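Here the protein sequences line up with chains A and B, keeping their order. Per the numbering used here: the first sequence = residues 1 to 393. Per the numbering used here: the second sequence = residues 1 to 393.
Don't read these hints as lab results, they were simulated from the structure. Watch out, some of these pointers could steer you wrong.
Since the list can't tell identical chains apart, any single copy or any two copies may satisfy a pair.
Said to hold, decoys possible - Computed list of lysine to aspartate or glutamate pairs in EDC-like fashion (alpha-carbon distance at most 20 Å, straight line):
id	residue 1	residue 2
1	K17	E285
2	K392	D237
3	K177	D207
4	K17	D271
5	K17	D29
6	K177	E198
7	K177	D194
8	K347	D207
9	K392	E285
10	K388	E99
11	K392	E176
12	K177	E209
13	K388	D237
All figures in this text were calculated on a predicted structure; none of them were measured in a lab.
Number of protein chains: 2
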Amino acid sequence: MPFGPAFTPGEYARRLKQTRAAMAAAGIDVLIATDPSNQNWLTGYDGWSFYVHQAVILPMEGKPVWWGRGQDANGAVRTVDLAAVEVTSYPDNYVQSTERHPMQHLAGVLSEMGLGDARVGVEMENYYYSAKAHAVLFDTLHGATPVDATALVNRERGCKSPEELAFMRKAARIAEKVQTTALDLAAPGLRKNDLAAEIQSVCLRGDGEDWGDYPAIVPLMPSGTDAAAPHLTWNGDVMQTGEATFFELAGCYRRYHVPLSRTIYLGEPPDHLRRAEEALLEGLEAGIEAARPGNRACDIANALGAAMERAGIDRGARCGYPIGLSYPPDWGERTISLRSEDESVLKPGMTFHFMPGIWMHDWGLEITESILIREAGPAEAFCTLPRKLFVKS
Amino acid sequence: MPFGPAFTPGEYARRLKQTRAAMAAAGIDVLIATDPSNQNWLTGYDGWSFYVHQAVILPMEGKPVWWGRGQDANGAVRTVDLAAVEVTSYPDNYVQSTERHPMQHLAGVLSEMGLGDARVGVEMENYYYSAKAHAVLFDTLHGATPVDATALVNRERGCKSPEELAFMRKAARIAEKVQTTALDLAAPGLRKNDLAAEIQSVCLRGDGEDWGDYPAIVPLMPSGTDAAAPHLTWNGDVMQTGEATFFELAGCYRRYHVPLSRTIYLGEPPDHLRRAEEALLEGLEAGIEAARPGNRACDIANALGAAMERAGIDRGARCGYPIGLSYPPDWGERTISLRSEDESVLKPGMTFHFMPGIWMHDWGLEITESILIREAGPAEAFCTLPRKLFVKS
Numbered sequence: 001m002p003f004g005p006a007f008t009p010g011e012y013a014r015r016l017k018q019t020r021a022a023m024a025a026a027g028i029d030v031l032i033a034t035d036p037s038n039q040n041w042l043t044g045y046d047g048w049s050f051y052v053h054q055a056v057i058l059p060m061e062g063k064p065v066w067w068g069r070g071q072d073a074n075g076a077v078r079t080v081d082l083a084a085v086e087v088t089s090y091p092d093n094y095v096q097s098t099e100r101h102p103m104q105h106l107a108g109v110l111s112e113m114g115l116g117d118a119r120v121g122v123e124m125e126n127y128y129y130s131a132k133a134h135a136v137l138f139d140t141l142h143g144a145t146p147v148d149a150t151a152l153v154n155r156e157r158g159c160k161s162p163e164e165l166a167f168m169r170k171a172a173r174i175a176e177k178v179q180t181t182a183l184d185l186a187a188p189g190l191r192k193n194d195l196a197a198e199i200q201s202v203c204l205r206g207d208g209e210d211w212g213d214y215p216a217i218v219p220l221m222p223s224g225t226d227a228a229a230p231h232l233t234w235n236g237d238v239m240q241t242g243e244a245t246f247f248e249l250a251g252c253y254r255r256y257h258v259p260l261s262r263t264i265y266l267g268e269p270p271d272h273l274r275r276a277e278e279a280l281l282e283g284l285e286a287g288i289e290a291a292r293p294g295n296r297a298c299d300i301a302n303a304l305g306a307a308m309e310r311a312g313i314d315r316g317a318r319c320g321y322p323i324g325l326s327y328p329p330d331w332g333e334r335t336i337s338l339r340s341e342d343e344s345v346l347k348p349g350m351t352f353h354f355m356p357g358i359w360m361h362d363w364g365l366e367i368t369e370s371i372l373i374r375e376a377g378p379a380e381a382f383c384t385l386p387r388k389l390f391v392k393s
Numbered sequence: 001m002p003f004g005p006a007f008t009p010g011e012y013a014r015r016l017k018q019t020r021a022a023m024a025a026a027g028i029d030v031l032i033a034t035d036p037s038n039q040n041w042l043t044g045y046d047g048w049s050f051y052v053h054q055a056v057i058l059p060m061e062g063k064p065v066w067w068g069r070g071q072d073a074n075g076a077v078r079t080v081d082l083a084a085v086e087v088t089s090y091p092d093n094y095v096q097s098t099e100r101h102p103m104q105h106l107a108g109v110l111s112e113m114g115l116g117d118a119r120v121g122v123e124m125e126n127y128y129y130s131a132k133a134h135a136v137l138f139d140t141l142h143g144a145t146p147v148d149a150t151a152l153v154n155r156e157r158g159c160k161s162p163e164e165l166a167f168m169r170k171a172a173r174i175a176e177k178v179q180t181t182a183l184d185l186a187a188p189g190l191r192k193n194d195l196a197a198e199i200q201s202v203c204l205r206g207d208g209e210d211w212g213d214y215p216a217i218v219p220l221m222p223s224g225t226d227a228a229a230p231h232l233t234w235n236g237d238v239m240q241t242g243e244a245t246f247f248e249l250a251g252c253y254r255r256y257h258v259p260l261s262r263t264i265y266l267g268e269p270p271d272h273l274r275r276a277e278e279a280l281l282e283g284l285e286a287g288i289e290a291a292r293p294g295n296r297a298c299d300i301a302n303a304l305g306a307a308m309e310r311a312g313i314d315r316g317a318r319c320g321y322p323i324g325l326s327y328p329p330d331w332g333e334r335t336i337s338l339r340s341e342d343e344s345v346l347k348p349g350m351t352f353h354f355m356p357g358i359w360m361h362d363w364g365l366e367i368t369e370s371i372l373i374r375e376a377g378p379a380e381a382f383c384t385l386p387r388k389l390f391v392k393s
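With the rest of the complex left out, here is chain A (with noise of 0.2 Å):
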């Protein structure tokens, strides 16, 4: 079978139990899923449908229901697992019409399902559920009442099953193919566009069997003063000596991601990125060393914060944040931030891409890791490859 759900039946079992149970302590009685990451998570449902309104309805009890475009229903049937998930759909022309709104169409479903006055739970702060869709979906279901339910799904999905692990780690072996082809073929004159479309091709190929996935973020890699932009993609200007390059990539396993960040000087680096990569390695290394179950979010950040504040570096930004299914255009999940301020307690199974990326006023430097906290001890590092700054003379 060429498509269909990615996981177990019990996988998805579990993931709807434990969504149910936050959804009870959220006095919420139906889900509205917006976040395609949390679509496919709940029902498997995948595909590039998202650009237009579709949603899983998930009520207390009884199946999850994928909800979206006519013609898209035909992936849903192909993705989802029918024994599991119920599929229907609105028909073309409420897509983007000035005239109708799929969320009236919505709005009927749940009347339909006898829900019209329900405690329904949104996800306020997502891409996928605008302004205009939230008026229009409680103008029409006038007897419901919303209940922001941003980020519900996104935190039960934060520590990873045996069967996701899995996946991530067939991402990490993609995502060290994928940077060592970007450090190998970096040299002067090659043009960035170039070096873009090697990256790209790499990571679809993927490792043997394990087909490659697209990653939610295009590749980015400024050079010289650009890297001082954390999220410039590329031109078509050459690789120059002289110059630092840093490549922000990831491997990506049937839409589970694990990103990875080195960069590269072309000629004999300057003291300042020699500097920078020594507090820099010194940060990762305490931050892993304090990623471990019961610590918090903020321990890891702490912990890199000391080394830089030694080398007298202020990033100024968090240093990261958690990784696992993604869909355009985040790969991260957007619950806990790396930062002083975030008490988050970290769990085994919890996923972070530890990204103290330095973005300075005319250069930059980006060493990353995607790790694992495990059930004790110092957090795994999913990739393997050498931790440096990368020179070629």
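With the hints as your guide, set chain B onto chain A.
Then chain B, alone, in the frame of chain A:
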């Protein structure tokens, strides 16, 4: 200069003037453009930073302001013309926080600009303006009045300037290369992900000096019965004799897209595919003939629909949308839809993906064209690839 605005100052000045006229007509004092495509179109801002809140603030007078995350200000000063655009930013602890929201900061910026009691245009229906963002912005900015400015800028983007059309012609050359690669390589036994890797690689390599940018949608390329589902991507299965595969791909030059779809059958195509091909080619020709200035969007759809009806095919979906500058998750402009209920008048310089995909219960066929509405006469197709069902025995 490696990065920087893609167009001349005069081009951006035209865009601001047009947009301000539309704002005046809508009674808007200041526009908050959260759509990354609109931000780029108004100021040149580029970067994969749209996973956090950012916007272009456009008052009726004075410079537009790019507002975003602190670390992304580094990208802003590299991609906008600082003579024409102000750059301002919010601290990193506003990012994905449960304690504070970036829209609180934006409210402060607007107040400082003397716009605390303005009529504020916001893009209510947009991936990058969440329900929460809207609630927080106007809870904080008590005196302001929200005005729905959904697609206000998108509509101004509809008619392309000569500078923009030059970019789209470059994207068209890339689209032809990408599509030709897919059709040339397709063969029984080829893994779909390996083909996706080649497609992405050719796409980013671009066309000679014209380097390839990332399309806003990844390759859509399901095979056989899965081709019934328009938005499936790929997996590690191999292509097989006796299956049709459609390739919905695009070339992208500096964020300007030209999508193009073709279908290949490995083996001898069944009669139903041949009949659908014949109807589709007739419908495409009739639609392009109807795509003239002064005609309406529905005229294209109805011309196609007549050919489909004669062949007994009920597509049940719109057959196209405007294209141009875009970011994920959509390469459409989300204004006009080519369907019988849309009476928008076609104007010279408008560009559409004329997209009469056929997705039936257990098969699919895509042959599409990106087209330009000319000063007179039928539309011009951007690409010159043979318009047919490709067959490899």
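query: Hint numbers the structure violates, sorted upward?
result: Structure breaks hints 1, 4, 8, 9, 10 and 13.
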